[in-house]
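Participant: Take a look at the letters that make up each chain.
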Amino acid sequence: MNNTIQSVKFGDQDYPERLKHIKDPPKELFYRGDISLASELSIAIVGTRKATGYGIWAATNIAEKLAAHGVIVTSGMAFGIDTCGHRGALKGGGKTIAVLGSGIDICTPASNKNLMNTIARDGLVISEYPPGTPAAKYTFPRRNRIISGISAATVVVEAGLSSGALITAELAAEQGKDVYAVPGNIDSIYSIGTNKLIKEGALPLVTCDDLLDDLGIKRNPAVYLPEGLGKTEKEMLQHIGMQSEVTVDYLYRMTGKPPSEINGIITILEIKGMVYTHMGKIFIAK
Amino acid sequence: MLSKIMTGSLSGLEAGLVDVETDFYNGLPALNMVGLVSVTVKEAAERIRGAIINSGYSFPYKRITINFSPASTRKDGSHFDLPIAVGILTSSGELKKQITEKYAFIGELSLDGKINRIKGALPLVIGFVENGIKKIILPAANLNEAAIVKGVDLFPAEHFSQVIEHMKTEEGITKHHGRRHNLPANDYKEDYADIYGQEHIKRVMVICAAGAHGVLIVGSPGVGKSMMAKRIRTIMPEMTYEEMLETTKIYSVAGKLSDKKPLIHERPFRAPYHTISPSALVGGGVRPVPGEITLAHSGVLFLDEFFEFKRQTLDLLRQPIEEGHILISRNGENVVFPSRSVLVAASNPCPCGYRGDPRNECKCSERQMQSYTSKLSGPLLDRIDLQVTMGFVGYEDLINEHRHKPDYRCASSEDMKRDVERAVKTQKKRYIKEEILYNSQLSPARIKKYCAIDRESENFIKQAYEKMALSARGYHKMLKVARTIADVDGEDHINIAHLAEALSYRG
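Protein chains in written order, with this note's numbering: chain A, 669 to 954; chain B, 709 to 1215.
In isolation and in its complexed conformation, chain A is listed as follows (with noise of 0.2 Å):
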């Protein structure tokens, strides 16, 4: 049933409530799965497509708790952030929307096509374009404003300096709308793009309950509910904790025990959800 593809017009009672606000509403939506959720309370994150590991981890984080606590959130199906947030939504067992620069019978990028499969059973695929509209050049920038437009807020998590995700931000900021950037590290080329929109203006996201505070929602104990640890387990979280990424050999000389058994406790860490790994570097996952 959610596979068959509708539409909404503007001025239709489904048509989503924000929407009907902004500067250049599309005249019709296509859409596959429940169109009520883009009337609901939504929080866009966007970023780069090609996210570095702390980038994948906010990413990951901020929508698993915004997901955790019943808070949906939209993104552009892109790789990189726009993938983690849908998947950390996911993850969180709440609903996401995706909206698409293209027609929604066409998966941009097409290797996403299970996530946006998941995405029309459980949540919701949108576009303005019509079935069979193939994405172009200027159909990114065009459906941004519908991204930031159906959402309450929108959080950048890392950009460079021409990231499509800073024009979802102008756009935000345009609507209204309030723009969260997450900060990082002033040396790294994906984060100078959000620490210019802090310096501009927007809202620095310091820890990811700042935006639940913001929001009014309540937290929910049980997502911060720590697991049974060791104590060489809980020595090696402090010393990743301190640096927010380390490596393997760091860890071996901070703590002088071996890489083979650092690998091993490092591995029953990942499976408790405690650390992330991404391209050699080991990251605090909660």
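Read the hints as simulated data drawn from the structure, not as lab findings. From a predicted model like this one, the values you see are computed outputs, not experimental measurements. There's no promise every hint is true.
Claimed, not checked - Calculated pairs, BS3-like style, for lysine-lysine (alpha carbon to alpha carbon, straight line, at most 25 Å):
hint	chain 1	residue 1	chain 2	residue 2
1	B	LYS1071	A	LYS805
2	B	LYS883	B	LYS822
3	A	LYS902	B	LYS1170
4	A	LYS899	B	LYS1175
5	A	LYS940	B	LYS1175
6	B	LYS1170	A	LYS899
Said to hold, decoys possible - Coverage of chain A stretches by chain B, computed from C-beta distances (three or more under 8 Å per stretch; other residues unrestricted):
hint	region
7	801-815
8	908-918
9	934-944
Think of the CB as a built atom: it goes at the ideal place given N, C-alpha and C, for glycine as much as any other residue.
Position chain B against the provided structure of chain A, taking the given hints into account.
Facilitator: This is chain B only, laid out in the frame that chain A set:
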């Protein structure tokens, strides 16, 4: 007068006996060769005529027919020059049949009578010994190479006149006994102690060398992937006599031995460039010659820029790596070359090399990225058990040694080799009744037999299976690697720590 001189012929690495039969007839002077001989052998006629005349003898003015028996196998190589020349002089009555028929001959002649180095001397000599022939005349330049064969009398000659002299008196050329050499100790210039701040990758190299697991190292340009790969020879066990014999045989056939390097006593390290043609990689040619994968036998095959290799080229590696040998069929002739090596692959994380590096921007498009890594999917991945990402070592970490705990040790090749040797010994003992040598060769049925795990570990794997979305293939790889880790640590049973460590190398 009919004469019959012994020599040999090569097919791959194996040598068979060949009789060179020479007879003279009346008629127009001519020299005919029959018995499926190649152009190289037919050309021998002119070299032999020159060599005989320039050694001070006359070339018979007769109709000469030379038959190579058995006539059905293909014969190629320049080593037939000497036996043919000896055959002609024996038939003409210059040399005594009773003497020349006791010896086997191999050697290439120059017009002035000089005897030149030949390809494949070692396998030919081994072939003679297997057929009970103990006296061999061979080029002096090939002596060192052939002298590693036990129980044979070698007569090295530099000039054809020496051979003639010896055939007349059975004196003249000093006899050399082939014997087992004391191998020169390996003298690798590199050491793992040269690499600082990458201890976890060194650990992976130990596991790789111990279980002959294929490894893929991913990292940005300049982090030291090649350094890491080049040093793996330094931690592999010393070559055994049999390994040395087999490897030298390969290099002999490939014509890669020289006076400076008559023996292969160090494990080979082959690093073909990614533009290599398929037949250069796995072997081939009209007359099959060993490819890189065979030249790397008992050593290391290093494929740098792994993702730049053509897909078809990489796919060719599957069977030889799995089975330890490669079968090449040409003109109805089947040749088997051994190809048991450790596969070390290295790659940038993306075409430009900077994906995941916060200091440099990655300039690759998603499309480039996908076509890059898609090569790794598929069955070749089966052969790569270990996958690790090698990060950049910061300057601070490189110099600030005092910040380290006293337990931090920069492992040297010597330390690492000890662990590898122990694990290799354990595996040898364990697989004494199987046809395999290393854990990486375990089939799913054997994994069940040799990688037993307890209840507690089973639960752990179950958790991991779900959390990390392991595939059946990933599961088997994890068990094989865990088996090697247990062997490296000197433990009989696989426990959770081994499994967890194995999982961290799943890539």
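Participant: Please go over all the hints and tell whether each is borne out by the structure.
Facilitator: Hint by hint, here is what the structure shows:
Taking the CA atoms of LYS1071(B) and LYS805(A), the gap is near 18 Å; set against the 25 Å cutoff, the hint holds. Between the alpha carbons of LYS883(B) and LYS822(B) the distance comes to roughly 19 Å, so the proposed pair stays at or under 25 Å and holds. A distance of roughly 23 Å separates the Cα atoms of LYS902(A) and LYS1170(B); the hinted pair therefore holds under the 25 Å criterion. Proximity of LYS899(A) to LYS1175(B) is assessed by CA-CA distance (about 22 Å); at most 25 Å being required, the pair is judged to hold.
Between LYS940(A) and LYS1175(B) the alpha-carbon distance is near 8 Å, which keeps this suggested pair within the 25 Å criterion. For the suggested pair LYS1170(B) and LYS899(A), the alpha carbons sit about 23 Å apart, so the restraint of at most 25 Å is met. Only residues whose C-beta sits within less than 8 Å of a C-beta in chain B count toward coverage, and the region 801-815 of chain A has 0 of them, not enough to reach three; the restraint is violated. Coverage of the region 908-918 of chain A by chain B holds. Counting CB-CB distances below 8 Å, 4 residues qualify, and the rule asks for three or more.
Closer than 8 Å: that is the beta-carbon criterion, and the region 934-944 of chain A has 6 residues meeting it against chain B, so the requirement of 3 holds.
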